[in-house]
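There are 2 protein chains.
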Amino acid sequence: MIIKKLADVPFADLRGYDKVTKQIVIGPADGSTEIVMRYFSMAPGGTTAHHAHDFPHLVAIQAGRGVVIDADGVEHPLKKGDYLFIRDNEAHHLANTGTEPFDFICVVPRRGEE
Amino acid sequence: MIIKKLADVPFADLRGYDKVTKQIVIGPADGSTEIVMRYFSMAPGGTTAHHAHDFPHLVAIQAGRGVVIDADGVEHPLKKGDYLFIRDNEAHHLANTGTEPFDFICVVPRRGEE
Chain A
1 MIIKKLADVP FADLRGYDKV TKQIVIGPAD GSTEIVMRYF SMAPGGTTAH
51 HAHDFPHLVA IQAGRGVVID ADGVEHPLKK GDYLFIRDNE AHHLANTGTE
101 PFDFICVVPR RGEE
Chain B
1 MIIKKLADVP FADLRGYDKV TKQIVIGPAD GSTEIVMRYF SMAPGGTTAH
51 HAHDFPHLVA IQAGRGVVID ADGVEHPLKK GDYLFIRDNE AHHLANTGTE
101 PFDFICVVPR RGEE
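Chains A and B, in that order, give the protein sequences. When you line the first sequence up against the numbering used here, it's residues 1 to 114, in that order. When you line the second sequence up against the numbering used here, it's residues 1 to 114, in that order.
FYI, nobody ran anything at the bench for these hints, they're computed from the structure. Among the hints, a few may not be true.
Computed list of lysine-lysine pairs in BS3-like fashion (alpha-carbon distance at most 25 Å, straight line) [claimed, not checked]:
(1) 5/B x 80/A
(2) 80/B x 5/A
(3) 22/B x 79/A
(4) 4/A x 22/A
(5) 22/A x 80/B
(6) 5/B x 79/A
(7) 22/B x 80/A
(8) 4/B x 80/A
(9) 4/A x 22/B
(10) 80/A x 79/B
(11) 80/A x 4/A
(12) 5/A x 79/B
(13) 80/B x 22/B
(14) 79/B x 4/A
(15) 22/A x 4/B
(16) 80/B x 4/A
(17) 5/A x 22/B
(18) 79/A x 80/B
(19) 79/B x 22/A
(20) 79/A x 4/B
Beta-carbon label-pair distances, calculated as ranges [to be verified]:
(21) 90/A x 71/B: 35 to 41 Å
(22) 29/B x 110/A: 22 to 28 Å
(23) 72/A x 114/B: 34 to 40 Å
Computed, partial: chain A to chain B, Cβ under 7 Å [what the hints assert, rightly or not]:
(24) 1
(25) 2
(26) 3
(27) 5
(28) 6
(29) 25
(30) 30
(31) 34
(32) 35
(33) 37
(34) 58
(35) 76
(36) 83
(37) 84
(38) 85
(39) 107
Beta carbons are placed, not taken as given, at the ideal position from N, Cα and C, and that holds for glycine.
Just chain A, same shape as in the assembly:
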């Protein structure tokens, strides 16, 4: 088994995003061949790109306040203790709408983390 503290996990390359950091907490480098657990931290004003892809997201909000924007452009609020499931091919993005970091765990199948 492998035990890690989040602070010891290096930051992954996240080209095209400012105000967002990503850490691959449990992934292929640990021998996890099926599922990858990532940790994202988004500064106030930060956002991800609106996109869709052929794999799901299983998201657990860890801190802060933000929104997920769905395929119709509708904003749905999210805060610590909320969970979000985004299906394969469902367009989405997330944004920090608060004044503190908006942090979430995002789990994907292996093909979602190349």
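Mind docking chain B on chain A? Use the hints.
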């Protein structure tokens, strides 16, 4: 997409365990066919059974203090902000060694949640 608050997720049946609750936060009932995200809360003194199985666990500690006991009986401390990867077929169990609830997210592939 589906958004849930943890408090709205029903408790799953967990026969044989006292002092432990389980919630299937994102799973087959939500259309998640590949990956299942579960939330466990363990009261002080609570423990899971020592076992091994043919699927991995990806664990994110959410609250409290506990330990994971490995195949050799060695205890490894865990607390909020720690992450644990247990490989397929690796014997393990978790226990609350603190005075507050020990809570964790445990992600498994679909075959790990029948």
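For which of the previously enumerated hints does the structure constitute a violation, in increasing order of number? Of the numbered hints, all hold.
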